[in-house]
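Going line by line, the protein sequences match chains A and B.
Once you know that position 36 of the first sequence is 23 in my numbering, the rest is easy, because the numbers rise by one and skip nothing.
In my numbering, each number is its position in the second sequence, counted from 1, plus 993.
A hint or two may mislead.
Only part of the chain A face toward chain B is listed, based on derived beta-carbon distances under 8 Å [unchecked claim]:
#1 1
#2 5
#3 6
#4 10
#5 12
#6 19
#7 21
#8 36
#9 40
#10 66
#11 77
Hints were generated in silico from the structure; no laboratory data involved.
It should be emphasised that the depicted structure is a prediction, and the values quoted were computed from it without experimental measurement.
Ideal Cβ positions, reconstructed from N, Cα and C, are used throughout, including at glycine.
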Amino acid sequence: MKTMGYPVRDERVVWRDIAGEVVIAERDNNTVHVLNPTASLIWMLADGTRHTEDIGTMLRDKYNVAPEQASADVSEFCRQLLQAGIISMKNVSSEGQEAI
Amino acid sequence: MTRTTARPLLHRVMNSAADNLVPFQATIEVTSRCNLSCKHCYIDVRAEHELSLAEFKGVLDQLAESGTMYLLFTGGEPFTRPDFLDIAFYAREKGFMIMFLTNGTLITPAIGRDIMRLEPIFVGMSLHGATPDTHDGITGKQGSFTSMMQSIELLQELGIRVSLQTLLMDTNVHEAAAIKGLARSLGAYHVVSYQFVPTRRGSLSPFNYEADPGTLFSYFDSEPLAEDPPGPVKGEVCKAGRGICAISAAGDVSPCLMMPMKVGNIREAAFTGIWIHHPSPELTRLRSLTWDDLTECRNCHLARYCQKCMGVAYSETGSLTKPAPSACRNAAIKAEFFRRKGVIA
């Protein structure tokens, strides 16, 4: 089942990978987010070219977790970031591929 | 995911960065030139060959790759450099969180709008007095107070956060309360300090302008207690040289703006070479320091009141482990402050 879409990091945020943990700062209000290693991987893959399902597959391969768990982690994390307003979700990838 | 604006999370990130030698906070001195001549200024060395715009862009590329997120631009006076905004806009493009320290005398409306586009965390300025006479007397330039006030007003109108700092000294401590009131009326964040810094060449002449402790106390006595007495000394000595770095106008790399220890030059070696692959013996020594190495400080009865800056101590004594006389004086003042407030016996 295809869910969600192609997550894209907000260009207005500043982020760095500090020893495997992504640190994100919002310019508007200087809010800081620190991501755990799993969330950090998802963040780095959220460049608009990968569907959330594909990100789930990459997560599964890297951490050897069950596919359902990987999908759930990606969905939950993307929901949090959407709520924080620091990613957007596209229906079409930046390479023109449509979500199903 | 953790989200906060509070200090503890940033402290955790800073600790992680320092442990992994990531220069999370960097200070860039874009020029050593200044249009003012503040009597207590620590810069007594003028760079003869300042880094060019292209060289600064190279520095910013390297810092971004090294993990620097917070970038403080200072001088001299940054806006004396005609291409300073080009450097700043490049930093914005490279994804840094930017901060400025300026004397606020060269910010025109057009520059103000450029600063707004850069979305800095804050623009910091030194408020030396509540009146033109006091402020200008310290900066050595008539009109500097008025132009700074105009800049503050302009930046506030543009929605830019202004952060003011006041160093209490012999010629302004008498109007400390008025300075605080002025900062409040301007709607600016404001911090007060009484810690001077030796000059780059190691001269202690700035300390000649320290406020008389008695006058400091008459100010503190009128102030409400705004902090808890500090707890026992613990933890690390300093993040300089690990999670913090500084680059001078001439390209010298140092562990911190306050620590004039040249550990390399960006014209002679890549930043990662200086910072990671081939750290100088002094930098390695600094990184290895613990409180156990600071035997005199660790055993001092004033240790918990001491806000010793390793950089000031180094420039004041030439040693990384000796007590800094100015820090000792200030620790005694702080202890007396808590005594007067009845917090400690």
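Consistency of the hints with the structure:
no., hint, verdict
1, 1, "5 Å, holds"
2, 5, "5 Å, holds"
3, 6, "4 Å, holds"
4, 10, "5 Å, holds"
5, 12, "5 Å, holds"
6, 19, "6 Å, holds"
7, 21, "5 Å, holds"
8, 36, "19 Å, violated"
9, 40, "21 Å, violated"
10, 66, "11 Å, violated"
11, 77, "21 Å, violated"
Of the numbered hints stated above, those contradicted by the structure are hints 8, 9, 10 and 11, listed in ascending order.
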